[in-house]
Structures are given as C-alpha cells and as structure tokens.
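If you read the sequences in order, they're chains A and B. The numbering used here puts the first residue of the first sequence at 1, with every later residue one more than the last. The numbering used here puts the first residue of the second sequence at 1, with every later residue one more than the last.
By construction, these hints were calculated from the structure, which means they are not laboratory data. Be careful, since some hints might not be right.
[Said to hold, decoys possible] Here chain B is said to cover these stretches of chain A; the calculated rule only asks that three of the stretch's residues, wherever they fall, bring their Cβ under 8 Å from a Cβ of chain B:
1. 14-21
2. 69-76
3. 95-107
4. 142-152
5. 311-317
Every residue, glycine too, gets a C-beta built ideally from N, C-alpha and C.
Number of protein chains: 2
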Amino acid sequence: MSPSPPAEVGAPFSEIDTPALIVDLDAFERNLDTMAATVRKFGVRLRPHAKTHKSPFVAAQQIARGAVGVCCQKVAEAEILVAGGVTDVLVTNEVVGARKLARLASLAREARIGVCVDNSDVVEQISSAAEQAGVRIEVLVEVDVGAHRCGVKPGPAAAILARQISGSRFLSFGGLQAYHGSSQHLRTAEERRAAIASAADATSDTLRFLKDAGFDCATIGGAGTGTFELEGQSGIWNELQPGSYIFMDADYAKNAPDAGLRANQFEHALFVLAAVMSTSDQRAVIDAGHKAVSNDSGFPTVWNRRDLRYHRPSDEHGILESDSATCGLAVGEQVVLVPGHCDPTVNLYDWYVGVRDFGTPAARVEALWPVAARGAVT
Amino acid sequence: MSPSPPAEVGAPFSEIDTPALIVDLDAFERNLDTMAATVRKFGVRLRPHAKTHKSPFVAAQQIARGAVGVCCQKVAEAEILVAGGVTDVLVTNEVVGARKLARLASLAREARIGVCVDNSDVVEQISSAAEQAGVRIEVLVEVDVGAHRCGVKPGPAAAILARQISGSRFLSFGGLQAYHGSSQHLRTAEERRAAIASAADATSDTLRFLKDAGFDCATIGGAGTGTFELEGQSGIWNELQPGSYIFMDADYAKNAPDAGLRANQFEHALFVLAAVMSTSDQRAVIDAGHKAVSNDSGFPTVWNRRDLRYHRPSDEHGILESDSATCGLAVGEQVVLVPGHCDPTVNLYDWYVGVRDFGTPAARVEALWPVAARGAVT
C-alpha cells in the first residue's frame, strides 16, 4: 500500500520518476534557520506546525534548531510523530469521541501531549479518558480570535472552561490557543495587521477575565507563516505555530510583503516534478493532476517559466499553455511545479525526494523521507 | 505509513471513527448489477475504470459480473491491480520515460497489458521496452475526440501510428482509444448528445483512414459514467470504460437526466463520515476538510440534510451552516457527506469501510477493503 520511492539516493535529478514531491534541501534548511533566528529575536517559543510536513524527521530538524516541540491537527498525526521520537506534541484542535480520546490519553504515557477544547462536555470526556489511562493531559482553551471556526467567544467563556479543567485531577490548564487562521492569506499587509490587531484585542480581553479568575496562561499560542512576526512582536503571544514557512507555496507567494517587516524571507522549497506526456500545437499535457498537486488554493505555477500557465487539471493530467504559439516542451521533458497549497499536496505523497543543488546541473537526490503521517486523518 | 482501519468488521455504524470513507454495500452492488445489465444489452464489452476505486477487490467484483478487465491511468496502479489478481489491464493513458516503460513491459509478463499512444517516438520506446522484457504489448492509438487533452487529431494520423505499431515485432495494434472526458459533466442531455455525436463523427472519420490503410480495430474504447449509453448505442464503440458509476458523486448528481435514456439509474454509494467537533450559534465545524474530501469539483453535500451547506473548508475542518438560525447539530454527532468528486476523495484514504444496511438503524460494518493503489501516481 506504500509505493516505493520514485528515485534512489545519489541519482541525478533527471532520473527521478514523475510525478514526485521534491524538497530543495538548501532552501528548506535556510527556511528552518531563518525562522529559528527570527523567533529567537522575539524572545518567544517556536512550536512549528507538523500538519504541513507530517514527518518526524522534519520535526527533529526543527527541534534541533530550538523548537520546543511541534503541533499537529489529528490524534493519528500525533501518534506517528511520537512513534518517530517527538516528545512534545500539541494537538491544536478539538478532539471528540471516546475512541479518539482514549488514543490521545494513551499517547500521553509516552510524551507530553496537549489538546485544545471549546466545549464543557468534551473537557469532561478528556478527563475521563485521562483517568482511564492513568495520565495527566494538558488542555488549552481555544478562543475564536477572528477565524470563525472553532473556539469559544473572546471574553469570560475561557475562564469558565479553565476552572473546569483545573478542577480535574487528570487535566492541567495549559493556556490559550489563539490562532487567526483566515488572516494568513489576506493579501495586503494592512489587512493582515488589522486582523492580528483585532485578534490581539480579543486575546487580551480573554486574558483579563482569566487573570481575574486567578488563572495564568503558561502558553498563549497561535500564528502562522503569513502573520507570525505580528504575533511575535505583540507582547501577547508567547508560542508561535507556523508550518508552511519550511516549504512555502504559490498561495503564500501572492501575499504582498509588509514593508515594516523582513519581507519575502522564506523561499519556495517544495515542488512537484512532472513530465510532459503529450503535446499538440498550443499545449503540453503533464502527468500531474488532482492526485499529484492540490488545487484547493489555486493552480500550481511553473517554476522559472512565467510564460507557462497550468490549467484544466483532471485526475492525472494537467495542461500547460503558453503565451506564445507553442509552449516549446517536448514529450518526456521534466517540468517543475510550485504547488498552490503545500499541506494538502504533501498529503498526496508517500515520499519526499530531498534534492541537493536543486536548479543546477549538479542537482542530485540526497535523501528520501517518508511522509509518515500521510492520510492520518482520524 | 498505512493507518489502521477506522472500524472493526461487525461494528455498528455509530462506532466508526471519523473521518472515514464509507461504501453503502447495497447501493454499490446494485450499481454494479445495473451497469453489467445495461452494457450487456448494448452487446458491447465493459472494461470499468479502476482509477475510481484503486482496488483489486472491487475490480474482481466487476469482472465477476462480466467485465473483460479494467482500465487504469498509471503504471503504478496497473502493478497493484495485477499483484491483486487482475489479469487484463488497459492503461488508458500515455506512458513516457524509460523507467516507467520498463515497469510496464515487465508487467506484461504476468498479465495482458495494453497502453495508449499519441506520439511516434513513444511507440519506439515502448517497442524497445517490450523487446528488452521479452514481451509483446498491445498498443492503442488515442484520438482526441473533443476533450482536447491527449490524443492525435482525428483523421489520418492514427493510421500512421498504427502502421508503426504493426511494424514492431514486440507490439500489437489494439485499436483506438476515443474517450471524450470533458463531455461527462456537461449538464444538459442536449450538450452531452451533441458532444458524443461529434466524438462519433471524429471516431468514424479516423476508422475510415485506418480501414483504407488495412487496419481493423479490435477495440474502440471510451465512454464514462455521464455518457456511456450514448457510446453504447452508437454502433461505433465496442468497449465502454465508465468508472464513477459504482459510487457516484455530487458532481454527477448535477447532470440533468436524459429523457431518452434510463435516467438516474445509479445511486450514491460512497460517503465520507464526519463528526461535529465544535458548534456555535450558526455553525457546526466538522472534522472533514481538504485532506478528507476532495473539493476540486465542488463541495460535498450533506446526505439527507438539504438544509445544511458545507463551505469554507480548511485542511482538517469543514463548516456546516443551516438555513435556520441554528444547524441543530451537537458536538460528537455523525454527519454523512456525499463527496463532490469520488476519484480524488478515494485517493485520500487507505481503507474503504463497507457498510450493510446503510442509512438504517441496523447499519453495520461488513467489510474493510484497502484502497490498495492509493497514491500510485507514477
């Protein structure tokens, strides 16, 4: 059920089978270093989001550069990360159902596990699951700071849940989860600044109620790749959870830079390598469609070929068309795509093909990493 | 790397972990029977498309009802189907590259393997790969009958490739692949009839050139779930390749029926089971986002709840909103989705959960089938 990797370590770039998920190792490592240095400067903690990479091996590289642990969205992801040696995982998500909560609690025997809540019944269920497993689970209250997805309303509701959490011998109150997801891809710097200013107000307001009720927050977490400098400089958040910065994608590339911050500091490091399988006068057909590159946040762009446009994808085909009369591609030729959205694209593959000297004639396969938590949806 | 199944055989429906890929076994079997009976009536062959299900076990059920074999799009899919016992597989796609062609040829030692071409250089490469492997491969010429993806132009081009194929001791000319992919989801019966009439003209025209050059076509293949009755009745096509009919999806449900044909004969048999993880006044958040249900052909619909709309998906969340002031869903409650597009949704999962008596209080898990060729992109 897990196809073999599309290349061997040491192979030249031209011998990678297509479609394949490529990591430009040089750009990827620069992205890791840049984020570590930037967050260190803010004096806050970095807990990168592993939902982007789904790999204990990538998590280890983030932790080696100072990250305190990683986040994920699913219990199944946490299981694979812990099995792969990660000792501190926060599930930045609500977990419901006895079966999932039993798995979460059992994981807390092996690693430090945190989870988010926005509902009193679920607090009770987590407490029972922790009691059953003989563990103590750290629980953060999620606040809806603007994304209008999960989370309690800003204000007194978090303090009520904090009291309930603290009242259980099997739970510890860990603080607030205050992530403004929908602000990450706002296109202008002004929109992003306004969204995070509003999220900061909502978080401060909630913290006041918690303080009045006698609760300190060891963690006030949130932020993504699109806004993390704003949260990092705010004096409110103390733990940042960006994920996409390691790879970047075509959707993030559409964000206008913020002149007041270090602009464009992260590089595209994730690509889908495709091949031309058919040509006609105006078009080339490549072997990367819906099952090879996620199109939920826009189509991929073609790396270093601004004259080519990807469109009309079907399950296993994509069409490239050119501004000129012909697109100048031959059958069998390799084409490099920048995915529209990195996270769901990664989730389509079983293997990362790590390439050193990407984009040069010396490009070669240096590493093959399993996308270990691919498909870990439960 | 392959998560364990989200349920045990025999478990009641309420105990399936979420999100999960559900097959309504009763509807699925009726769909299999209906297609087998309809195609038999036309007096043509059925070769269902396995890119929909990616499962040798489903293929076996199709073959048991009279299908001559299956189609797929990728060599990696063919490898998994053959390993799972399927003895006749047509790759309805162009295959390029020495590495892939060597794999294809090696597969032809174990099963009857066909492949499509639209390029003379590739015919030569397939011939070399077949020679190397000591096999003979059946090659069909793909004709672009209207989808404007792969395929030679209708007319004399196919006869030139047929001559080249017949000239190789390691290849046999199998006929034409004449699939009009983009006609499948045309919304009105008139549009679909016009598209297939035009495809029929293009195919007849091409067949005339082939006949003049002395070539008979053992196979004239094509058709999908949206149009197969039109190709089946045409007197031109002799092998039909529908895939989605086994499951159906929300996108196919948008096609207006054709009063001249048996309308709405296939039932939704594929679902994504999700659970409510958070609620607020107007919305419920469920645990099925981009990584649990493909949104490339529109959002999923909510089964038996026409008042609910799925929207604003993120990677692991979907939002349900109601026409009424509240959506009336509780945290932990199960929600059944009809995927917008079945094929790429199936490709997100490792397991089918086969449910008997779906939609009744007696619903229970009867079968767990691996999505064996999930991720088989090369």
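Against the structure, the hints:
Three residues within the 8 Å Cβ limit are the bar, and the segment 14-21 of chain A against chain B gives 5, so the coverage statement holds. Chain B is given as covering the segment 69-76 of chain A, and this holds because 3 residues of the stretch bring a CB closer than 8 Å to a CB of that chain, at least three being needed. Taking a C-beta to C-beta cut-off of 8 Å, the segment 95-107 of chain A contributes 5 residues in contact with chain B, enough for the three needed, and the coverage statement holds. Counting residues of the segment 142-152 of chain A whose CB lies closer than 8 Å to any CB of chain B gives 5, so the stated coverage by that chain holds, three being the minimum.
Counting residues of the segment 311-317 of chain A whose CB lies closer than 8 Å to any CB of chain B gives 6, so the stated coverage by that chain holds, three being the minimum.
In terms of the numbered hints stated before, the structure departs from none.
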